[in-house]
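S.K.: Single-letter residue listing:
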Amino acid sequence: MTSLLIILCLILIGIVVVQIGRLTELASSIRGEGEAQLEANDFHGKMMFAFMIVFLPACAISALYYQDSLLAYGPHTSASDHGSLIDSSFNITLFFTSIVFFLTHIALFWFSYKYRGKSDGKAAFMPHDNKLELIWTAIPAIVMFYLVSDGLVTWNKVMADVPAEAVVGQDYTEIHAQGMQFAWNLRYPGPDGVLGATNYKMIGGSNPIGQDWNDVENLDDFHPSEIVLPVGKPVRVRITARDVLHNFYLPHFRVKMDAVPGMPTYFVFTPNTTTEEYRQRLGALDRDGNPMYPEWHEPADETEPNGPKRWETFQYELACAELCGKGHFSMRREVKIVSEEEYEEWLGTQNSYYLTTIRNTDSDPFKGQLLDTEIKARKSEFNDNIQKALASDVDKIIRLKYVNFETGSANLTALSRYELDNVVAAMGKYPTVTIEVAGHTDSTGSLEGNVALSDARANSVAAYLTSKGVASSRLRAVGYGPNKPVDTNDTDDGRANNRRTELEILTQ
Amino acid sequence: MAATTVSPVKDREDILIEEQGFDDHFHDHHHGDRFQSNFIMKYVFSMDHKIIAKQFLITGMFWGLIGAAMSVIFRLQLGFPEESLTWLKPLLGQWIVVNDAGIGTLAPEFYYALVTMHGTILVFFVLTAGLSGTFSNLLIPLQVGARDMASPMLNMLSYWFFFLSGVVMFASLFLSTGPFAGGWTAYPPLSELPQASSGSGAGMTMWTVSLVLFVVSVLLGGINYVTTVLNLRTKGMTMWRLPLTIWAFFVTAIIGILSFPVLASAFFLVMCDRGLGTSFFLSEIFIGGQALDNVGGSPILYQHLFWFLGHPEVYIIILPAMGLVSEVLSVHARKPIFGYKAMVYSILAIAFLAFIVWAHHMFMSGVNPFIANFFVLFTLIIAVPSAVKVFNWITTVYRGNIRFNSASMFAIGFVSMFISGGLTGIFLGNSAIDIQLHDTYFVVAHFHIVMGVAAFFGMFAGIYHWFPKMYGRFMNETIGKIHFWGTFVGAYAIFWPMHYLGLAGVPRRYYSFELFDAFAHFDNMNKFITVAAILVFLVQVLFVVNFFYSIFKGKLVTTKNPWGATTIEWTTPINPGHGNWPGKIPTVHRWAYDYGKDGKEFVSQIEPLAAGEVSDGEGAHH
Chain U
139 MTSLLIILCL
149 ILIGIVVVQI
159 GRLTELASSI
169 RGEGEAQLEA
179 NDFHGKMMFA
189 FMIVFLPACA
199 ISALYYQDSL
209 LAYGPHTSAS
219 DHGSLIDSSF
229 NITLFFTSIV
239 FFLTHIALFW
249 FSYKYRGKSD
259 GKAAFMPHDN
269 KLELIWTAIP
279 AIVMFYLVSD
289 GLVTWNKVMA
299 DVPAEAVVGQ
309 DYTEIHAQGM
319 QFAWNLRYPG
329 PDGVLGATNY
339 KMIGGSNPIG
349 QDWNDVENLD
359 DFHPSEIVLP
369 VGKPVRVRIT
379 ARDVLHNFYL
389 PHFRVKMDAV
399 PGMPTYFVFT
409 PNTTTEEYRQ
419 RLGALDRDGN
429 PMYPEWHEPA
439 DETEPNGPKR
449 WETFQYELAC
459 AELCGKGHFS
469 MRREVKIVSE
479 EEYEEWLGTQ
489 NSYYLTTIRN
499 TDSDPFKGQL
509 LDTEIKARKS
519 EFNDNIQKAL
529 ASDVDKIIRL
539 KYVNFETGSA
549 NLTALSRYEL
559 DNVVAAMGKY
569 PTVTIEVAGH
579 TDSTGSLEGN
589 VALSDARANS
599 VAAYLTSKGV
609 ASSRLRAVGY
619 GPNKPVDTND
629 TDDGRANNRR
639 TELEILTQ
Chain E
25 MAATTVSPVK
35 DREDILIEEQ
45 GFDDHFHDHH
55 HGDRFQSNFI
65 MKYVFSMDHK
75 IIAKQFLITG
85 MFWGLIGAAM
95 SVIFRLQLGF
105 PEESLTWLKP
115 LLGQWIVVND
125 AGIGTLAPEF
135 YYALVTMHGT
145 ILVFFVLTAG
155 LSGTFSNLLI
165 PLQVGARDMA
175 SPMLNMLSYW
185 FFFLSGVVMF
195 ASLFLSTGPF
205 AGGWTAYPPL
215 SELPQASSGS
225 GAGMTMWTVS
235 LVLFVVSVLL
245 GGINYVTTVL
255 NLRTKGMTMW
265 RLPLTIWAFF
275 VTAIIGILSF
285 PVLASAFFLV
295 MCDRGLGTSF
305 FLSEIFIGGQ
315 ALDNVGGSPI
325 LYQHLFWFLG
335 HPEVYIIILP
345 AMGLVSEVLS
355 VHARKPIFGY
365 KAMVYSILAI
375 AFLAFIVWAH
385 HMFMSGVNPF
395 IANFFVLFTL
405 IIAVPSAVKV
415 FNWITTVYRG
425 NIRFNSASMF
435 AIGFVSMFIS
445 GGLTGIFLGN
455 SAIDIQLHDT
465 YFVVAHFHIV
475 MGVAAFFGMF
485 AGIYHWFPKM
495 YGRFMNETIG
505 KIHFWGTFVG
515 AYAIFWPMHY
525 LGLAGVPRRY
535 YSFELFDAFA
545 HFDNMNKFIT
555 VAAILVFLVQ
565 VLFVVNFFYS
575 IFKGKLVTTK
585 NPWGATTIEW
595 TTPINPGHGN
605 WPGKIPTVHR
615 WAYDYGKDGK
625 EFVSQIEPLA
635 AGEVSDGEGA
645 HH
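Chain order of the listed sequences is U and E.
To convert, note that position 195 of the first sequence is 333 in my numbering; the numbers rise steadily by one, no gaps.
To convert, note that position 279 of the second sequence is 303 in my numbering; the numbers rise steadily by one, no gaps.
Derived from the structure by calculation, the hints contain no laboratory data.
One or more of the hints may lead you astray.
[Stated by the list, open to error] Here are the simulated lysine-lysine pairs, DSS-like style, with alpha carbons at most 25 Å apart:
no., chain 1, residue 1, chain 2, residue 2
1, U, Lys-260, U, Lys-184
2, U, Lys-256, E, Lys-621
3, E, Lys-584, U, Lys-252
4, U, Lys-260, E, Lys-34
Remember, it's a predicted structure, so these values are computed and weren't measured experimentally.
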């Protein structure tokens, strides 16, 4: 109903305007067309002048009004090293173009007003003036030459890749951002500082970026949910896309680069303001204690008037700036710039994507194998356990890890030697220690059979240790079968837990 | 106000044509007239350039209204995202999603379809066909002194290919999967993979078919324009005596002929990728749960091909507007256009540079940063001929005796818009600054002002000025002036604030700004822009009403040369028939800008030179 009324009103207004148009036309033909034209000249000539009086100040005043919202002005100075170069090129261009904007507009509207047609008016015959043409060709050419030079010096500085001799992980950090419909996948190189290889054909399921797990450099890479970077250290972002074009856009850092399927791009920048420093800037108070930027002192959440203020919850943001489909407007990630210490601390909380998600699944090419890192980690864990057992009065048992036997036999699997070598080393380190090697089974099968098998297995461990130079007098091998369970035998997990090889310190 | 018939007393122009004109024996053979014999031949499948011009104009206006209405709908989403759009459901159907509370929202897919169609329609159908198609057709034969185009048949086909292209595009709006929604630039892979966007299925197929038909239309038209200007100029009409309108249309047609085929080739490769499984623009893509086999293609290659047309395209749009404005300003300031030759040379310089700046659209697309060094240089050089043109227009107004009417006011408005939009181009053409501004609202503000609004202003100036030649009537001046002020103030109200949005980092082509803290706090500005857009749209409706009202009821033209213009279209009868001049075609003796010379208000181009007088366009100096 309302919309019908609005439509009716609009039609009526239209009819009124058309009628006014007809009437004025009629009136002017009665009064004489020449007269009417002169009146129109006078009125609209003055209107041109009036427009100038309103328009030009409005341009300047609105710019000042919005100044604090604009990047490069107010609190929004660049948060990256190169950004200030871009901002300064912008300001140089703004300086020249503003002069031209105001002068040409004043001339255009002033002349329109001054030379509005009059009955005694007479246009001058001035077809051309080569000197003038030369002047106003040369001046813009000189200004443009200056702007081009300034712009290109800045451009070539900003867009330069990291120097060839720079070492990744030391001189700069390299991270990976992959655009997809409709999110950014983020990847950090992990402790080795190097991003592992990717292949789009490996994307799928639990492998969103298509990391090639055969490349050991991938094994420590981690996938954070936000970008965290240390202040003052150059970052090279490797930018890729997995479906359509995207654009890696960090407005506060003056960073923007397309993500292109099949063609990795990059952007190198150095953040120079931590998130906390930027927040302080937004929330700054003037000398009288009043907020310098009041809009940042409004509550961050409108429904919570007493909650945190906008400046307190400010986050740098990553956006997409290349149309990528219906969810283009939603590809947000937060970006945090922190001190070097906070960054190290954050790195400590991040876990390798491979180890947490891929390890020993069907996607893992190293399934059933031990990784160097795992061997190393177990070695130090084992030594800790030994020391604890030596120091303890009651807890003298150490459970061996990775010591396994072929099904139904007492033959050690190949991987067992890593743990047994840890035992050999410990026996060498503590020469007075004597131990018992104990084999345990679950309750499945006959008691005699299990005892015999566990006995044989304990003996084959003891045999390995003697073969590595441990005196047989320091060893005792016992098979307990299912008689010393540590868990229930009613579940698979419990039974798996009961099948084990242990080592007990007898004397030290 | 009784209708006046042509005075039986022959005026000076008629006598001059009879005495000095060239007799091509056109009216001795009536072979042309048989094509005018019935209604269908005269008004539908017409080969008369004047009718074809009107066909282009009215079709362009149809598309202009649709394209503008689309922008109003997506502006509603941006300005008033929380308001219910349920009332649009009868029009948009499934694209308005109504929730349980009865609140209707625009589907994001359709928001992007609207944005895409708005761009495509305005750039190609309105500002290329509607502007250049209309005025090249109307003015080239009339102003060079030709009976018609070199090939009236191809000229007719040019319109009907455009019409067909429009039919295909229009039909695509009704597809259940939606029209194409990947932006008017149609960058692959988004435009090639239906898995990536529902509009990239049948919508994109129809979009490419439509635009290939459109390219055919532009080429048929362009070949005709160039041939007519080169071969059918009347006796005495040297190139240096051509009005600037003709120079602009001539150069525009050449640009079109050289660049549109490249666009067509890009579209053919897109079709191959879509239909034949080639990999011109596709490489290493994982989408819809599977890795595609395509490798080795480059989406960047498409961008090179597209912008090799795309950039010249903006000059295809703006040069005709510049030509129209130069002519209209000069006629109504009652002064010669200042620096005629400089104007011609700057048109030529702009046209040349137009072909070597395309990659400035691609600074952030991943191309090697090194090539920006060349494209920045060439791009910013364009500011020089553009500045020359602006200074010449302003100097044309200077010391004039300006007749203020809808035509001249739109011409003055054009100069203002061209300055405002041109200056922001200096920021964007500078690759360093473009890092921050690329694909933000600053770009939206820039191109809308400089090649959207400005081109429309040139078109309006042309329509108001030549309406008497098209229909033998004037458009209503009062409504015209309301149209001007509403559009002039309103267009600045829409687009000026967008500079601030862009400088605040707000990206273009966002359905909603709410998800980003950095972009979410400009609600009032977005509301303001939307309200201004609605008002400006209504003012354009008023223009359309005025246009059709004036065709039938406008004030009649009673003299052949109502504006006191020098160009020879005003020596034809008030309603010129087939062949334009009833007898001989006029002979031209001087340039087109003898206004206020030697105390005479204007001297027609067909007036012979007095003893010792020289025509100023040909290099004489005062």
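S.K.: Would you mind marking each hint as holding or not holding in the structure?
M.R.: Hints and how they fare:
1. The hinted pair formed by Lys-260/U and Lys-184/U meets the criterion: a straight-line CA distance of about 18 Å does not exceed 25 Å.
2. At roughly 18 Å between alpha-carbon atoms, Lys-256/U and Lys-621/E fall within 25 Å of each other, so this suggested pair holds.
3. For the hint linking Lys-584/E to Lys-252/U, the alpha-carbon distance of about 30 Å lies beyond 25 Å, and the restraint is violated.
4. Restraint check for Lys-260/U and Lys-34/E: not satisfied, since their Cα atoms lie roughly 29 Å apart, outside the 25 Å limit.
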